[in-house]
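Each residue of the sequence shown is one higher than the one before, starting from 1 at the first, in full-length UniProt numbering.
Keep in mind the hints are simulated off the structure, nothing from the lab. Just so we're clear, the structure is a prediction, and the values are computed from it rather than from any experiment. There may be inaccurate statements among the hints.
Stated by the list, open to error - Mimicking EDC-like on lysine to aspartate or glutamate, the simulated pairs with C-alpha atoms at most 16 Å apart in a straight line are: (1) Lys225 - Asp167; (2) Lys115 - Glu347; (3) Lys209 - Asp192; (4) Lys209 - Asp195.
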Amino acid sequence: MCLHRQSWRLSDAGRPRFGLAARVVLSRAGGVTAIPPAPLRGDPGLGPADIQLGTWPRNDKVRLMLSPTVDELLRELHASLTLRKRPEDVARLIQDLYAAQGTELDEATEAALAKAAEHSLRNLWHGYTSMREEFARPVGAQRQLARVAGLFTDVPELPGGAGDDPDQIEAVIRRAGESIGRVYGQNDFGVDRLDRAERTDAGLGEVSKRQYNKRFRLLCRMEAKLARLIHEQRRREVTMTGKGALAHVLPYGLFAADPDTAAFIAYITARGYMRSVFTNGRQRQAYDEVAEALFQRLRAQPERTCWSAVAHVHPTSEVLAAVSDEDLSRLLVRWNGFLRQVADLLEDAWNRHPLERETMIVRRGDDSSTWNQAAQAWNTARAHWFALLSELGQEKILDRVCPGKVPRLMAADVAYWHRMSGGGLHPDTYIWAELPLPWQVLRGEEECPRSLVEAVCARHRRDPVASAWTAPRPMVEAVAFRRTPELVHGVAVADPLMASALRSAGVFSGNGKRAAASEWL
1 MCLHRQSWRL SDAGRPRFGL AARVVLSRAG GVTAIPPAPL RGDPGLGPAD
51 IQLGTWPRND KVRLMLSPTV DELLRELHAS LTLRKRPEDV ARLIQDLYAA
101 QGTELDEATE AALAKAAEHS LRNLWHGYTS MREEFARPVG AQRQLARVAG
151 LFTDVPELPG GAGDDPDQIE AVIRRAGESI GRVYGQNDFG VDRLDRAERT
201 DAGLGEVSKR QYNKRFRLLC RMEAKLARLI HEQRRREVTM TGKGALAHVL
251 PYGLFAADPD TAAFIAYITA RGYMRSVFTN GRQRQAYDEV AEALFQRLRA
301 QPERTCWSAV AHVHPTSEVL AAVSDEDLSR LLVRWNGFLR QVADLLEDAW
351 NRHPLERETM IVRRGDDSST WNQAAQAWNT ARAHWFALLS ELGQEKILDR
401 VCPGKVPRLM AADVAYWHRM SGGGLHPDTY IWAELPLPWQ VLRGEEECPR
451 SLVEAVCARH RRDPVASAWT APRPMVEAVA FRRTPELVHG VAVADPLMAS
501 ALRSAGVFSG NGKRAAASEW L
């Protein structure tokens, strides 16, 4: 068992004390284990009872590692933009960054960071979270590529990461298809296969019908696998953009140009990446008192702040006013393209199984996961698009094209919970139901000018500006910091080990219960 990511300082007496001077890895097996980038799932690390002050446990080996440099910490913060680290852990990294710089923080920032970092995994005795610390990646085509290499001798050896690269997978399918006279895209097993005479003409006379069919089927299945992989990779990108805007595509040079900018972007992104909670109220707001304290540091030194980087994740009027028109235009073009990409995803989910627009309650057959991920991404992209149009003085575009917001699907039990607690459907649901579908608006098939949106909002007694139907989102007040809960399918569980056991047993999943994995029995 190892102590993961704990910072220690050794006193003259050899006693461990928490600090930033060195890092230690203890191994009860007698070896030395390197510190991983995150606590290993299922290994809570050493607790206070495992360590006796004054003496080290017998047979334990100790290795001291120098404190990370500023560049290393900036790179770790940048890496967090594509991960799903808890905000508390990002706050601790920010503390380390300022300590490595020797920066003397103002009282508000120091107190806010301390409040959040107090609950970081490094400061908890178990150092463990049951929640995945990255966005789930789709399963690649490594197994299929290995099979192709065994059946087709003329296919070159591929690097290990080729199974996650759609371009390399497609190239292999085309190359292997040429060797059996198959054209890419011809997947009909009854029509597109070669008969005996055609195989002979193609130089495949020595290949038996069974071996030819095996190769043909494999390539057909690989094309289907490639289509699924591209779809799932796009969904993953859409999910990250919906929660964290363009943080995940922010280049390191722009991110690390100013440490204060990097700290704010990393923290606000971690807050945005938090999971949704099963509740009948509002979800937790990303902009909290810690983000506010970090943003105040940007305000205090505007000439050092990289405002164009901040605009990727926090498009307030104050931020956008400090960005050049050229950078604003580039962002506008990027968000415009992303809106069209997400609109295609929404349309695809809608065409597979049209939704109940009047209620947006999930019915059997609805692809709620894809729809909700795409809906959140659409609303995020739309908010950035509106903010950029406003800052560039191009709001007149909305007089002609003003696509509406897209609500997420709601589970029937949550809808019932709302009704029982005196609530009901969100007012935006009624407005969405009367407006043209967004993909039809973007393609010009349906008209949706600002005047139409205002008229529908008026019928349902909604302020179109305050509710962000015809204008950028209004500024929000910072909320108090609250500790990130351990969630099992959206339900908060106090203990991370218990959360792992419940997830393993399928509790709260909506599916049938099952026996927990052996490590929890």
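Against the structure, the hints come out as follows:
no. : hint            : verdict
1   : Lys225 - Asp167 : holds (13 Å)
2   : Lys115 - Glu347 : violated (44 Å)
3   : Lys209 - Asp192 : holds (14 Å)
4   : Lys209 - Asp195 : holds (9 Å)
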